[in-house]
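There are 2 protein chains.
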Amino acid sequence: MAKAADDYFKLDPWKIIEEGFDPEYERVTESIFSLGNEYMGIRGYFEEGTSGDSLLGSYFNGIYEFSRKEALSHYKGIVTKPHFMLNAVNWLDTEIRLEDETLDMNRVHLDDFYRELDLKTGVLTRSFIWKTKTGKQLKVRFERFLHMEKSSNGYQQLSFEPLNFSGDIHVSMGIDFNTKHGEEPISFWKEQEKGTLNDQGDLAIIGQTLTTKQQIFSGFHLEINQAYEKKKIEAEKKISYSLTIPLTKNEETIVKKLVVNVIKKQEVSKDVMWQEGSTALADSVKLGYEQAKKDQKDYWTYIWDHFDIQIDGDEKNQQGIRFCIFQLQQTYHGQNPSNNIGAKGLTGEAYSGHAFWDTETCCLPYYLFNNPKAAKNLLEFRYSTLDAARKRARDLDCTGACYPIATLNGEEACDLWQHASTQFQPSTGVAYGIWHYVHLTEDQDFLYDHGVEMLVEISRFLESRGDWSQLTKKFGFYGVMGPDEFQVMVNHNAYTNYMAQQTFDFTIQVLEEMSVEAPGQLKQLLTKTNLTEEEWRQWQHSAEETLFFESEDGVIEQHEGYFDLPHIDIDQIPISDFPLYSHWSYDRIYRNDMIKQPDVLMFQFLYNQRFSEESKRVNYDYYEPRTIHESSLSPSIHSVLAAELGKFDEAFDFFSFATRMDLDNYNRNTNEGLHTTSIAAAWMNIVYGFGGLRSDGSQLILSPVVPKQWDGYSFRIEYRNRIVEVKVTRSTAKISIVKGESILLSVYGEERLIDAEGTELAIPKEKLQQV
Amino acid sequence: MAKAADDYFKLDPWKIIEEGFDPEYERVTESIFSLGNEYMGIRGYFEEGTSGDSLLGSYFNGIYEFSRKEALSHYKGIVTKPHFMLNAVNWLDTEIRLEDETLDMNRVHLDDFYRELDLKTGVLTRSFIWKTKTGKQLKVRFERFLHMEKSSNGYQQLSFEPLNFSGDIHVSMGIDFNTKHGEEPISFWKEQEKGTLNDQGDLAIIGQTLTTKQQIFSGFHLEINQAYEKKKIEAEKKISYSLTIPLTKNEETIVKKLVVNVIKKQEVSKDVMWQEGSTALADSVKLGYEQAKKDQKDYWTYIWDHFDIQIDGDEKNQQGIRFCIFQLQQTYHGQNPSNNIGAKGLTGEAYSGHAFWDTETCCLPYYLFNNPKAAKNLLEFRYSTLDAARKRARDLDCTGACYPIATLNGEEACDLWQHASTQFQPSTGVAYGIWHYVHLTEDQDFLYDHGVEMLVEISRFLESRGDWSQLTKKFGFYGVMGPDEFQVMVNHNAYTNYMAQQTFDFTIQVLEEMSVEAPGQLKQLLTKTNLTEEEWRQWQHSAEETLFFESEDGVIEQHEGYFDLPHIDIDQIPISDFPLYSHWSYDRIYRNDMIKQPDVLMFQFLYNQRFSEESKRVNYDYYEPRTIHESSLSPSIHSVLAAELGKFDEAFDFFSFATRMDLDNYNRNTNEGLHTTSIAAAWMNIVYGFGGLRSDGSQLILSPVVPKQWDGYSFRIEYRNRIVEVKVTRSTAKISIVKGESILLSVYGEERLIDAEGTELAIPKEKLQQV
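One line per chain: the protein sequences are A and B, in this order. Here full-length UniProt numbering is used: the first residue of the first sequence is 1, the next is one more, and so on. Here full-length UniProt numbering is used: the first residue of the second sequence is 1, the next is one more, and so on.
Keep in mind that the hints were calculated from the coordinates and are not lab data. Hints are supplied without guarantee of correctness; some may be wrong.
Restricting the straight-line Cα-Cα distance to at most 30 angstroms, the calculated cross-link-like pairs of lysine-lysine (DSS-like) are [what the hints assert, rightly or not]:
{"#": "1", "chain 1": "A", "residue 1": "LYS69", "chain 2": "B", "residue 2": "LYS391"}
{"#": "2", "chain 1": "B", "residue 1": "LYS180", "chain 2": "A", "residue 2": "LYS69"}
{"#": "3", "chain 1": "A", "residue 1": "LYS69", "chain 2": "B", "residue 2": "LYS213"}
Cβ pair distances, simulated, as ranges [claimed, not checked]:
{"#": "4", "chain 1": "A", "residue 1": "LEU471", "chain 2": "B", "residue 2": "GLU545", "range": "23 to 31 angstroms"}
{"#": "5", "chain 1": "B", "residue 1": "HIS74", "chain 2": "A", "residue 2": "GLU614", "range": "42 to 50 angstroms"}
{"#": "6", "chain 1": "B", "residue 1": "HIS541", "chain 2": "A", "residue 2": "HIS419", "range": "31 to 39 angstroms"}
{"#": "7", "chain 1": "A", "residue 1": "ARG107", "chain 2": "B", "residue 2": "TYR581", "range": "22 to 30 angstroms"}
{"#": "8", "chain 1": "B", "residue 1": "TYR581", "chain 2": "A", "residue 2": "GLY749", "range": "33 to 41 angstroms"}
From the structure, some residues in chain A lie toward chain B, with a derived Cβ separation under 8 angstroms [as the list claims (entries may be wrong)]:
{"#": "9", "residue": "GLY77"}
{"#": "10", "residue": "ALA227"}
{"#": "11", "residue": "TYR228"}
{"#": "12", "residue": "GLU229"}
{"#": "13", "residue": "LEU396"}
{"#": "14", "residue": "HIS419"}
{"#": "15", "residue": "SER421"}
{"#": "16", "residue": "TYR478"}
{"#": "17", "residue": "MET489"}
{"#": "18", "residue": "ASP553"}
{"#": "19", "residue": "GLU557"}
{"#": "20", "residue": "GLU560"}
{"#": "21", "residue": "LEU565"}
{"#": "22", "residue": "PHE578"}
{"#": "23", "residue": "ARG591"}
{"#": "24", "residue": "GLU630"}
All values derive from a computational prediction rather than experimental measurement. Ideal placement from N, C-alpha and C gives every residue a C-beta, glycine not left out.
Using the sequences plus the hints, can you model the full thing?
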């Protein structure tokens with residue numbers, strides 16, 4: 001499918017730049033200019049308000065509400081009240097008046113509009129000259145950023161410089177809980193307290209959600225570099241200062257607003273909340289605006305020193321991949337194990353802020369090789385929600401633990417039974433994630449303390465949900481859906497069967513290992529989970545007897561009967577029919593051999609070393625022409641495998657939208673928020689795809705190739721207390737240890753000792769691409 | 001599954017009698033004592049109001065509204081705003097006060113409570129002695145009935161006889177549109193007009209639905225056999241007379257209320273409505289209460305003379321089957337082709353009043369053999385909604401016409417995609433109904449005028465929805481659900497494939513016949529439907545290549561892969577798990593070989609003569625132990641086939657709840673309304689089951705057997721302008737023509753000429769049952 005780039009933003013290796021203002025593009029730029037620090041996220045909306053088409057979105061990781069929509073059907077195991085990430089406080093609330101004009105980007109006359117997100121500092125700035133009807137010219141500049149470590153701290157700065165007049169400007173700045181949720185446009189907030197915090201006149205307000213009773217304390221402190229008058233304004237769910245500031249021609253007046261947003265996912269008394277918020281604001285004031293800005297710059301300097309990917313000769317992908325790393329880092333960096341990664345991060349309401357199985361399969365590798373603590377925290381999130389997964393399994397009449405398709409708090413939030421009751425990739429994905437993490441980090445403490453308990457409960461669930469065929473006497477899953485969501489209620493889906501088999505195998509392996517290495521912990525585990533050896537021997541039996549069907553040519557059948565389904569030539573589907581979910585009758589999508597995203601190739605990617613190149617090639621060649629890639633993860637997996645199979649043009653084609661999916665608005669829905677988990681896939685595309693990293697074997701593998709479109713590229717990965725750097729030119733790959741001790745790695749199929757000096761190798765001929 | 005009878009009503013061959021009042025049973029008795037005349041239906045609620053648990057239900061065939069509930073998902077082809085039969089005007093609205101007491105059956109002191117529905121007259125009466133706190137004793141009697149032919153006419157009578165006092169009674173009688181819908185308890189009515197109609201002081205009100213803009217004019221006339229005072233009372237959506245009537249000790253005072261309810265399914269001006277209603281009420285007054293009651297008695301006398309089933313030696317089933325016939329006749333008797341038969345008739349709101357495929361497969365036979373005009377009207381309903389079915393096919397990205405799973409107005413009203421987008425038995429059922437009707441009546445006019453157009457559009461739909469398998473190159477249906485709703489999204493469901501094949505075959509047969517018999521009409525049809533011979537040859541090809549799989553033993557596989565599904569021993573399911581939909585996780589029901597109702601046996605019943613006894617036996621023996629009969633149609637089909645296969649005990653077991661399903665409240669949900677379509681199945685059970693009627697071959701077949709529980713039974717059927725009577729004793733069956741000419745019938749496998757004198761035969765030995 002052809003996709004068109006908007007080419008809206010200016011190219012720059014380190015900045016996202018918007019020159020000139022296009023009101024039609026407002027929701028897209030709001031997404032692109034989102035700031036986040038894992039704790040909170042804020043879309044790039046105009047804080048002074050706008051009459052344009054805007055989603056004033058302010059989100060906090062783990063602050064959610066339940067839908068008010070009434071479910072039409074009530075069957076056991078079907079979610080009737082899904083929860084969603086709730087649009088929260090507008091802590092940037094601002095109003096600016098000059099004479100009789102209110103600043104509204106869509107209505108006033110503007111010149112020299114310029115907006116910039118600096119990826120090196122994490123600061124978003126906007127400037128323009130406002131010309132009033134009476135001819136006054138005022139230079140206005142906005143700045144905002146979040147503190148990446150003191151994560152309740154947000155910062156806003158306004159500056160005004162009159163170019164041809166002197167006179168008063170009226171500015172109102174405050175906190176507003178009257179936010180309406182975009183997807184269900186009613187207010188889910190009530191005011192719990194508000195008022196003046198201290199002698200300095202700092203203001204604050206506590207908002208509370210109606211149903212979940214979660215709280216946010218939002219308080220602010222103002223600093224202005226000159227004299228002004230202020231008046232406190234209180235309204236329902238809102239508190240602010242109305243400021244009158246005399247401006248002097250050609251002099252810059254600067255207003256700084258230091259905000260703290262303290263959240264409580266579990267209700268506390270409002271007095272406790274008020275006190276805690278008050279202290280937090282005082283600390284922030286003490287730290288000061290400029291120091292915070294410096295902290296922020298230092299933070300990003302560290303990130304780029306460690307995680308940067310450099311691409312030579314391709315400015316677009318260079319900018320794209322840095323934007324990806326920047327946004328992924330903003331969304332999640334392992335600050336708190338109660339956080340997870342929503343499909344849109346903290347940048348919009350689509351997918352309700354939910355975390356999906358993408359977390360373990362798609363995002364986890366990025367953290368495994370950049371920030372193992374964050375990787376561990378993602379798994380700790382699953383451990384902390386194990387009880388919710390146990391409950392979900394019971395709701396499905398099963399035992400053990402079933403991880404939800406979509407969640408914020410660990411409970412299932414997907415109200416479509418055909419997904420929530422039949423897709424088990426979240427559960428097998430968690431098991432895969434544990435395996436992958438432990439395999440790479442050798443973190444046995446985590447495995448024995450928390451990992452194995454999840455493995456046991458997931459295996460138990462799989463055993464209870466699986467079943468045995470009547471004639472062939474084989475084990476597998478009935479009435480399921482694999483990652484390919486175009487095949488509903490199928491039997492023996494190869495992905496589900498395979499991943500379950502691996503889960504059983506790994507669980508048994510860990511249990512057996514513990515019986516030797518940690519018999520005491522094993523005993524505790526058996527007691528805690530009521531596990532018997534008989535039960536785990538049954539898993540072994542199921543794993544051994546799991547059904548797979550392979551054609552004579554070696555194609556693994558995606559599910560029982562798939563090969564005999566009616567065929568669709570997907571190239572014949574008119575482009576106007578896409579996305580199919582919007583243009584095809586719902587059931588029509590589901591009754592042919594067209595697939596949305598790969599099932600077989602997916603597990604061949606995850607357990608890459610267990611399949612021969614021939615098997616991967618045969619399956620790639622069979623399934624790729626049947627795949628329409630309606631999931632954004634699909635091109636990524638294909639790109640990685642294509643690179644492995646020497647299909648370099650295909651690899652680059654599938655990669656081509658990855659880094660700039662949102663910057664160029666390829667899917668025409670960046671207005672709804674960023675494709676955060678696809679962003680993680682873009683990183684995988686380069687590191688696993690072109691870099692040839694494989695992390696599922698006994699040794700780390702690297703087999704870099706360079707796309708003919710590039711002059712070269714380099715990336716760094718963290719691995720067992722080392723930083724490994726990979727630098728690729730058009731003909732060579734140099735691998736060296738930047739930090740830590742030497743290590744044995746497999747490069748281009750040969751084991752090599754890599755040290756600080758590095759090993760430079762010619763790219764093998766068969767992997768070289770003609771330019 | 002064991003079911004327990006409530007045994008609440010007194011046994012009587014012609015009456016339903018309630019002696020003594022049980023407030024706990026109020027909703028059940030309201031359903032049982034429902035009156036209807038196809039045009040309208042009214043539950044047996046206490047018109048004077050009650051503080052008890054009541055569903056004040058008043059329904060009109062074709063008066064509907066749309067749900068206000070908001071759909072959670074919006075995909076193409078999925079219904080988001082289902083429509084439902086709307087609870088309408090309370091035209092019996094009454095209030096009765098004596099001294100300071102208001103008559104409330106749940107609160108006042110009552111003696112000698114007696115309620116009776118007389119099946120010979122269609123009149124419902126209720127009487128009791130009301131003892132006030134001050135010791136006054138008043139004998140009260142209520143009476144109500146509907147006119148079966150002048151169907152807008154309803155009648156209500158109150159009578160009062162003071163046993164130990166004289167004095168005033170205060171009675172208010174009127175019309176009230178403040179009815180709330182039971183299932184979505186808000187008012188969907190607004191008042192359009194109300195006031196005094198004429199010099200006699202008759203009152204009326206016009207109510208209109210909020211969204212569909214349908215109207216009901218409801219007016220009434222009072223007659224009282226003595227002097228009284230009256231005062232008009234108007235309130236919102238309500239109009240009534242407050243009457244003060246002086247009662248005299250031991251004298252009976254009678255209040256008669258003549259009501260007309262004129263409905264408009266399409267909006268007309270309120271002036272036109274007022275005028276039409278006024279005339280209708282004047283006509284009703286002219287006819288008079290007593291004459292209407294006499295009309296009513298005559299109507300039912302005709303019905304019992306023609307349609308009665310007599311059972312000797314089984315009082316319970318005798319009462320049961322007459323109640324069934326009575327209620328079926330009340331629900332539908334072919335008055336108007338815009339009416340259909342809801343799953344609960346006009347007796348409650350469960351299933352939203354919708355008509356399902358039961359109409360053609362289950363109800364049609366009753367009318368075919370009792371009232372062919374009614375049978376034709378049921379098919380005309382489908383013809384009148386052909387455009388809606390065409391639109392539905394387009395919604396599903398198909399061509400032709402797809403009849404809805406559930407409907408009142410022809411549009412799909414089922415909001416569960418897994419049913420509405422994948423179940424095609426309504427469409428093949430209509431084709432089957434046309435075939436069955438024409439086969440029995442030889443009504444070629446209907447076939448060529450309307451039937452064939454439906455057949456063409458249904459075939460066209462089936463062709464567009466069907467598909468070809470990639471390996472076996474066979475035709476069939478993918479992603480469908482047969483009547484057995486426990487197997488979701490299956491391929492090559494045998495029922496769907498078989499019925500589609502029959503539809504194609506019959507359509508082609510009719511088209512070929514027309515090319516000889518009615519070439520002009522055929523030409524018109526081809527023009528109207530844009531049909532080409534090429535298209536219908538394609539149907540022929542599809543029919544010829546339709547896939548079926550039969551095991552070596554002759555078991556027809558219910559769908560591709562069914563035989564290999566995990567097995568469930570349904571006898572091991574605890575009784576407390578039923579109904580499964582309430583106790584099992586939704587998806588759990590769908591992934592094993594348990595079936596809800598028969599698919600293979602169903603088409604072997606419908607096209608009975610095309611299958612050998614051996615085939616029916618093998619399939620019965622295979623599928624019956626896997627069937628949990630969670631649909632009330634299931635036992636009926638099994639009973640009929642069991643009788644054919646000589647499994648007499650099973651036949652009677654499956655029959656045993658049929659006639660008294662509601663009278664004995666076997667399913668514990670009669671409170672929600674009667675199981676109207678099951679009632680039709682009860683008739684089939686006797687006539688097709690024990691009577692051995694088969695109507696799908698070239699000659700009508702009768703093979704009566706007699707259950708050992710009965711001394712004998714008799715029934716009559718109408719067939720090609722004759723009335724055929726079948727009288728069965730313990731050892732003989734006598735078949736005779738009661739009206740019309742002699743005819744050749746097949747009796748016990750031999751062709752016999754049946755005439756007025758009748759043919760008496762001994763029941764063959766193998767069909768005799770030991771008592």
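Quiz item: Can the hint on A:GLU229 be confirmed by a CB-to-CB distance to chain B that is less than 8 angstroms?
Solution: violated (48 angstroms)
Self-check item: Closest C-beta approach of A:ALA227 to chain B relative to 8 angstroms, hint status
Solution: Because about 54 angstroms separates A:ALA227 from the closest Cβ in chain B, which is outside the 8 angstroms limit, the hint is violated.
Practice problem: For the hint on A:GLU557, just tell me whether its beta-carbon gets within less than 8 angstroms of chain B. | Solution: violated (11 angstroms)
Exercise. Classify the hint on A:GLY77 as holds or violated, based on whether any CB of chain B lies nearer than 8 angstroms to its CB.
Key: Because about 4 angstroms separates A:GLY77 from the closest Cβ in chain B, which is inside the 8 angstroms limit, the hint holds.
Practice problem: For the hint on A:MET489, just tell me whether its beta-carbon gets within less than 8 angstroms of chain B. | Solution: It holds, given that the least Cβ distance between A:MET489 and chain B is near 4 angstroms, below 8 angstroms.
Practice problem: Below or equal to 30 angstroms on CA atoms is what counts here, so check A:LYS69 against B:LYS391. | Solution: holds (28 angstroms)
Quiz item: Regarding the hint that A:GLU560 lies at the interface with chain B, is the smallest CB-CB distance below 8 angstroms?
Solution: holds (6 angstroms)
Exercise. Hold the hint about A:SER421 up to the distance rule: shortest CB distance to chain B must be less than 8 angstroms.
Key: holds (4 angstroms)
Quiz prompt | Beta-carbon spacing of A:LEU471 to B:GLU545 - inside the hinted bounds 23 to 31 angstroms or not | solution = Check passed, 26 angstroms falls within 23 to 31 angstroms.
Quiz item: If you take the shortest Cβ to Cβ gap from A:GLU630 to chain B, is it below 8 angstroms?
Solution: Violated - the Cβ of A:GLU630 stays beyond 8 angstroms from chain B, reaching only about 14 angstroms at its closest.
Quiz prompt | Per-residue hint verdict: A:LEU565, partner chain B, C-beta under 8 angstroms | solution = holds (6 angstroms)
Self-check item: Interface hint status, A:TYR478 versus chain B (Cβ within 8 angstroms)
Solution: holds (4 angstroms)
Going down the numbered hints, you'll see the structure goes against 7, 8, 10, 11, 12, 14, 18, 19, 22 and 24, while the others check out.
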